[in-house]
Amino acid sequence: MSLINESKTKEEIKQLLLDEARLSLELSEKGIFYNAEDIKRIRAKTGASAPFGRRDGLPGFHLPHGNNASGKFNKYTPYSIVLEDDRPILYDEKTLIGELEFQTGHLASEQLLSTGEKVRDILNISAQGGLHVMYSNECALKDRGEDCLFCAFNERAKDGETNKVLLKSPRQVAEAYDIARQAGVANHFRITGGFVPERRELEYYIDVAEAIREKYDTFNGVAVIGAPADLSVLPKYKEAGFNSISTNIEVWDKNLFAVMCPGKEKRNGGWRHWIDSLEASVEIFGKGNVHSTIVGGLEIKESTLEGIEFFASKGIVCHFSAFRSEKGTALEGFRSPDANFHWELLDKATDIYHRYGFTTYQMYSGPASGGHSAGVFRIKAGDFEGDKLATWKFPSLD
Amino acid sequence: MSEIETQIKRKEEVKQLLLDEAKLALDFNEKGIFYNAEDLKRFRATDADLNGFRRNAGGVGFSLPYGITTNAKFNRWTPYSIVVENDKPILYNDKEPIAEISFPTNTPNPVSEQLLSSGQKVKNILNISQFGGVHVSYSDECSLKDLGEDCLFCSYNVRERDPERPLIKNPGQVAEAYHLARQAGVANHFRITGGFVPERRELEYYIDVAEAIREKYNSFYGVAIIGAPEDVSILPKYKEAGFSNISHNLEVWDKNLFGLVCPGKSKRNGGWEHWLGSLEAAVDVFGKGNVHTNLVGGLEPKDSILEGIEYLASKGIVAHFSVFRPEKGTPFEGYRSPEASFHWEIVDKATDIFLRYGFNSLQMYSGPASADHAGRIFRIKNGEFEGEKLGVYKYPSID
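Residue numbers (my numbering), protein chains in the order written: chain A, 1 to 398; chain B, 1001 to 1399.
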């Protein structure tokens, strides 16, 4: 085969993978029909589970070419999962798409801490070999009636089953981290959560970092914080050991920021101050190590893309997700835009990331929404073998 | 139980049936409906009756058994379907037959086809509503387009591309079409609206139209839908011209969202406070219940829109609202309207507010075109129906 043909084949596969990434958005929009009992059996067999405490019937899964996907149950959809020889097969109407692979948790998640909780009560272990800690499952903005309108943090906190520990102590976090690191799956450490009363974020994050560093000289991690009133505290996060920082702006449009994030608007100096904080962070953490996130679908595409482009030009990776309306929030009953809308965002945003020279590592090193665009970013970069997009892994720390 | 008590009980039962049917109608908007277009062809009137405002829904309009009308886009993946059985269109929810439905037989009023002296048809100038009123979009373009300040949800400038539509109708044409409609007994309400006119020459235009109408008629009953004027002292001129109602369509209640969704209205008319100030000033001129606004239901959280409706009602302003429908070619293309339960909660709570503030049915229908969305629920709750059917609202005859 000539070089030209090989190259063409790679391009064809790239398109195949991009089409599959687009399909995953279709599944989110239209949902999937399946037999709950079948899924229960597969879950029991594989240990598949839904991440971030969103307990849905269907766990997340990999599509046949490796793209991540998920979908809610819907009786009226062209998509269905049928068990064939005990293997979950995805259909589009009567057309076979392929076999799915459900995402599973890591065994270390089930280990017990000295305080009796399981590791998974304190943190999530990601498929990329990183950790995600929500230090609190409550947000202090609730008491002021200033929750972000789309956010279900305080709603999910009511679920005593999924979120057993509402506020995790630095000691618990460090112990869970230690167990995960020994298992080789703490190659990245993300810590986030709701607003802490009295904004004691800095103290808490430093306490956590110090507790981790009692056993380890360094760790690789991101502190997801609200824009601090005094920007001069930003270097302290770096001194504590975090090598990335994220300040989540949620929406780019200034007017909409005030509507959607009344607490962030009022308690943190407003939209302008959030931008200032992000820009100041670049001076400390360096380009590509400062992150933000936007909830894709709350504002028009042009606005989100303008924000992503602006941030990229400043060295800030602005990730984004696909808005999903959650029960109990002010946006309950709203519906996310259609798959085409989300695809256009994904397609154009990943072009921007490439144009500004961000790396795959940076795509995964910020907030949890990083994974939403990272797959497409990697496909466009040709970061796949054969016709499969493998799960990306953080470089091993040890 | 006395006969009167039995009647009251029955009335309450029917009221609930009608409300349930109205709620179901919203579900069709959300989920769509499956049907075989060929099967339904013989039941349906022309497309024109389904498409009064040229928003081509690509779906079907029909009436439910208790008289609630609805429309739904075609969707293969929905619990709802229309199946023709024994030559009757039957509505199904999954495999359960719900009822026999009917299709609008109200073919366009023949007067719509009449020719004006300038050669256009009446329907090129105005729409005749089922309520016996006329609706004029005086222009089919909005000057905010050139400024890049169109309201984000609005397809006015997108629909402008329809080559058959005159872009600006002259007052003489409007008055002539009005005259033909009035002679046919269907101009009992006159609504005039449109995009922003370059240089904001709304007042002059509206007065010219009113004067042209009054060349033949002493009075008319109508609403002028205008942007908040920079100088609110001109508001009485609309009343002097003959308009008995006025509407400024705020579109969203939340102040920050107003700036985002309606950049032109926000920048060109003194901003949200000025719009509100103009509405309140209009109450002093036109009286409580004769000042209207419109909100697009589904662009902001329920609590926000209901706060707006309550506030405005307390000032004597009827805040009508519609169901947001994202339109092609607008910045909101690709959005999806909230689910039916969201829209139901708004219409249910808002109509309670309207009733609490003592508005009446005529006021519910005298403002912007969104009137019937809440108007019919208002009428059901107010017991304005005979037997087991909600009839179509009709404006009182003015002749």
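Some hints could be false.
[To be verified] 30 Å max Cα-Cα, derived DSSO-like pairs, lysine-lysine:
1) A:Lys327 x B:Lys1255
2) B:Lys1145 x B:Lys1288
3) A:Lys75 x B:Lys1394
4) A:Lys254 x B:Lys1288
5) A:Lys75 x B:Lys1381
[Claimed, not checked] Derived contacts from chain B toward chain A, CB cut-off under 8 Å, selection only:
6) Asn1036
7) Ala1037
8) Phe1074
9) Thr1078
10) Pro1079
11) Val1083
12) Glu1085
13) Phe1131
14) Gly1148
15) Asn1256
16) Gly1259
17) Asp1303
18) Glu1339
19) Phe1342
Hints listed in this document are in silico derivations from the structure and should not be mistaken for laboratory results. These numbers come from a predicted model, not from an experiment. All residues carry an ideal CB built from backbone N, CA and C; glycine is no exception.
Results for each hint:
1. Distance hint between Lys327 (chain A) and Lys1255 (chain B) is fulfilled; the C-alpha atoms sit about 25 Å from each other, no more than 30 Å.
2. Taking the CA atoms of Lys1145 (chain B) and Lys1288 (chain B), the gap is near 34 Å; set against the 30 Å cutoff, the hint is violated.
3. Of the pairs offered as hints, the one joining Lys75 (chain A) and Lys1394 (chain B) is violated, with about 41 Å between alpha carbons and a cut-off of 30 Å exceeded.
4. With a C-alpha separation of about 36 Å, the suggested pairing of Lys254 (chain A) with Lys1288 (chain B) is violated against the 30 Å cut-off.
5. Taken as a hint, the Lys75 (chain A) and Lys1381 (chain B) pair is broken in the structure, with Cα atoms around 34 Å apart against an allowance of 30 Å.
6. Taken as an interface hint, Asn1036 (chain B) does not check out: its beta carbon lies about 17 Å from the nearest beta carbon of chain A, beyond 8 Å.
7. Because the smallest distance between the Cβ of Ala1037 (chain B) and any Cβ of chain A comes to about 19 Å, over 8 Å, the interface hint for this residue is violated.
8. Hint status for Phe1074 (chain B) relative to chain A: violated, with the closest Cβ pair at about 13 Å, above 8 Å.
9. The restraint placing Thr1078 (chain B) at the interface with chain A holds, with a minimum CB-CB distance near 5 Å, inside the 8 Å limit.
10. About 6 Å separates the beta-carbon of Pro1079 (chain B) from the nearest beta-carbon of chain A, less than 8 Å, and the hint is met.
11. Taking 8 Å as the C-beta contact cut-off toward chain A, the hint placing Val1083 (chain B) at the interface is violated, the least distance being around 16 Å.
12. The closest approach between the C-beta of Glu1085 (chain B) and any C-beta of chain A is roughly 22 Å, which is over the 8 Å cut-off, so the hint fails.
13. The beta carbon of Phe1131 (chain B) comes no nearer than 30 Å to any beta carbon in chain A, farther than 8 Å, and the hint placing it at the interface is violated.
14. Taken as an interface hint, Gly1148 (chain B) does not check out: its beta carbon lies about 11 Å from the nearest beta carbon of chain A, beyond 8 Å.
15. Taking 8 Å as the C-beta cut-off, the interface hint given for Asn1256 (chain B) holds, the closest approach to chain A being about 4 Å.
16. For Gly1259 (chain B), the suggested interface contact is upheld, since its CB lies about 5 Å from the closest CB of chain A, less than 8 Å.
17. A cut of 8 Å between beta carbons decides the hint on Asp1303 (chain B): the least distance to chain A is about 7 Å, and the hint holds.
18. Given hint, Glu1339 (chain B) at the interface with chain A, holds; its Cβ is 5 Å from that chain's nearest Cβ, closer than 8 Å.
19. Checking Phe1342 (chain B) against chain A by beta carbon gives a least distance of about 3 Å; that is within 8 Å, so the hint holds.
Comparing the model with each numbered hint stated earlier shows that hints 2, 3, 4, 5, 6, 7, 8, 11, 12, 13, 14 do not hold.
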